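A.B. asks: Listed here are the chains, written in short residue letters.
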Amino acid sequence: MVEHTINATQAVVTLDVALPGIIWGWMITLNMWAKSIGTGVVFVAAYLLYRHKKDAMPNLRWAMPVISFIFLNIFLLFTLTDLHQPYRMLNIFLHPHWTSAITVGAWMASLFTLLITILMVIGLADQFTEYFKRGCRVAPVKSLMSFAGKNSGTYEKIFPFVVFLAVPVTAYTAIIMAESSARELWQAPTEVMQMMWAALMAGSAALILVSGSWSQEARKDLALILSVAVFFSFAMYMGEYFFSFKSSEAEATLAYVHAGGAYNVEFWFGMTLGFIAPFFLATSTMKNDNVTLLRFAAILALVGLYLAKDVWLKIPQMLPLS
Amino acid sequence: MKLGFLVDLNLCMGCKGCEIACKVENDVPLSSWRLRVKYIDIGTFPDTSRSFTPLRCNHCENAPCERICPVSALHYLENGIVNVDSHRCIGCAGCMMACPYGAIYMDPETNTADKCTYCAHRIESGMMPACVVVCPVEANIFGDVEDDHSHISQYIMAHQGGVQVRKPEKHTDPKHYYVGGGTYTLDPLAHQRLEGHNLFTNITHLKHNGDPHHGVLDRFLAPFTSHGTHDNKSFMNFDNIHEQEGGH
Ligand code: SF4
Ligand code: SF4
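For the protein sequence lines, the chains are W and C, in the order given.
For the first sequence, counting from 1, position 285 maps to 285 in the working numbering; every step adds exactly one.
For the second sequence, counting from 1, position 200 maps to 200 in the working numbering; every step adds exactly one.
Heads up, some of the hints might be wrong.
[To be verified] For the chain W half of the interface with chain C, some residues (derived, Cβ under 8 Å), not all of them:
| id | residue |
| --- | --- |
| 1 | His52 |
| 2 | Thr99 |
| 3 | Ser244 |
| 4 | Ala250 |
[Claimed, not checked] Chain C regions said to be covered by chain W (calculated; three or more residues, Cβ under 8 Å):
| id | region |
| --- | --- |
| 5 | 38-48 |
| 6 | 92-101 |
| 7 | 106-112 |
| 8 | 164-174 |
| 9 | 188-198 |
| 10 | 213-225 |
[Unchecked claim] In silico BS3-like links for lysine-lysine, alpha-carbon gap of 30 Å or less:
| id | chain 1 | residue 1 | chain 2 | residue 2 |
| --- | --- | --- | --- | --- |
| 11 | C | Lys167 | C | Lys38 |
| 12 | W | Lys133 | W | Lys53 |
| 13 | C | Lys167 | W | Lys246 |
| 14 | C | Lys38 | W | Lys246 |
| 15 | C | Lys2 | C | Lys207 |
Hints are computed from structural coordinates only; laboratory data are not their basis.
Just so you know, these numbers come straight off a predicted model, no measurement behind them.
Heads up, the beta-carbon is just placed ideally off N, CA and C, and yes, glycines get one too.
Take these sequences, add in the hints, and give me the full structure.
C.D. replies: Here it is in structure tokens:
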């Protein structure tokens, strides 16, 4: 709108207060990125377990919940740390406000983390039975692991529910963004799909890094999932980038990533590193099973995803709202 | 009862009396504003005019800030005021992402969200908001918009076609109206913020969000340590760098 002013209608702010800058910063980027890995590995593992025999991915049963557990805890830690009153996080459980996606998400993510913890304990107990029987000196851990080992079947019983729960846990951030009425760029149905693609991208990338001992076929599937996820995610970003004629607000926001914008370089760096390069690298490994190249693609995808999320989070916060 | 505001921009002369009265009445800390008066110069020299626009929370009937608040720290009062309970606020800043009018700030002393409450505490004891009382030209009109006989309702009736709200497309149903405004004053994207065009100060973005001395560790240690007195200078540390992350 501003760029269409003529001399007679030129309007310039001549006195105002300082407006807030970026309010949700790198901690929220890290939070979203870590959650993508935490839920993504669950989706990808479910698909692989459906497609392949367990022996094709010998460490998947325990490595998947371990990775998920670590990244969910990073996600929870930074959610907490970003609060200006971290101890009052308890209020979300004591005084929940159910219209808020933050509340619903916090409850679901906590339940999800609990279930993943159970999977992890059982997975580790089954995998390292000998160690926990003889090597482990910490009595409570020993008894917990022996209890978990005896209830090994629980893993398979709760796993389908965990996969099911991973969907809303992945998508609720998009609902928070949709509720962020001041940031029109985020208020798009595409955000839900972007969250899902990000999870598949991050999940497959994380599992690629531990897939050294897997069968070639299983690794090929990982490469395929990574390629498909980066392709569609990239396509959606491009759709927003080139064809977003939604409103003057969304357009003004996108000006920050368009040519000459403050985030243009970071955006394209992220797109090239995390989407374009991994697509070609991952598809090329599907034929020759080049593990090193695939790992490289996975690392690039994880770095690029962080950058893309970071830019998308920050640009709408640059606009003056009043 | 639904309390609302109307500002007649034809009357406002930009004296900032309301801004100061609000600061004093509500002890609004340095670097934060519940109500501000923005100056916008329209036209090109010598054919220019200056407009003054007081901006505060709209007490939306369909408030996105209330909807997103995970702990109901932001809540509706029966008289329509969107109030904030700073003792319950967890400081997630969700409301700052949701309010399309940038009406909420993170209080640098309490590290909780805060905003204009239409002086709910004064209303409770039968008084008018501080900004209304202080306005020398009675540009701020306050009252029950559901009562057809109230001054504000009558004023709206008298100016029917000329009454506007900010960003109606956001479907927030604001209860804060303007008379005498236009796109160039009410739409923040319709005016430019050019370096070198500001009177007195050169500011676009605040460097911090909440207390600048309240780093990540302090947030966790705060209940066990007492904060020293605040250095006012640090709150005035504005500049126009675009990439400052608030509150970290
Ligand atoms: S103007 Fe902003 S802070 Fe005020 S009620 Fe509306 S959304 Fe909430
Ligand atoms: S910062 Fe406080 S008032 Fe705002 S949404 Fe979070 S808890 Fe609610």
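A.B. asks: Hint by hint, say whether it matches the structure.
C.D. replies: The hints, checked one at a time:
no.	hint	in the structure
1	His52	violated (41 Å)
2	Thr99	holds (5 Å)
3	Ser244	violated (15 Å)
4	Ala250	violated (11 Å)
5	38-48	holds (count 8)
6	92-101	holds (count 9)
7	106-112	holds (count 3)
8	164-174	holds (count 4)
9	188-198	holds (count 9)
10	213-225	holds (count 5)
11	Lys167(C) with Lys38(C)	holds (17 Å)
12	Lys133(W) with Lys53(W)	holds (28 Å)
13	Lys167(C) with Lys246(W)	holds (15 Å)
14	Lys38(C) with Lys246(W)	holds (28 Å)
15	Lys2(C) with Lys207(C)	violated (36 Å)
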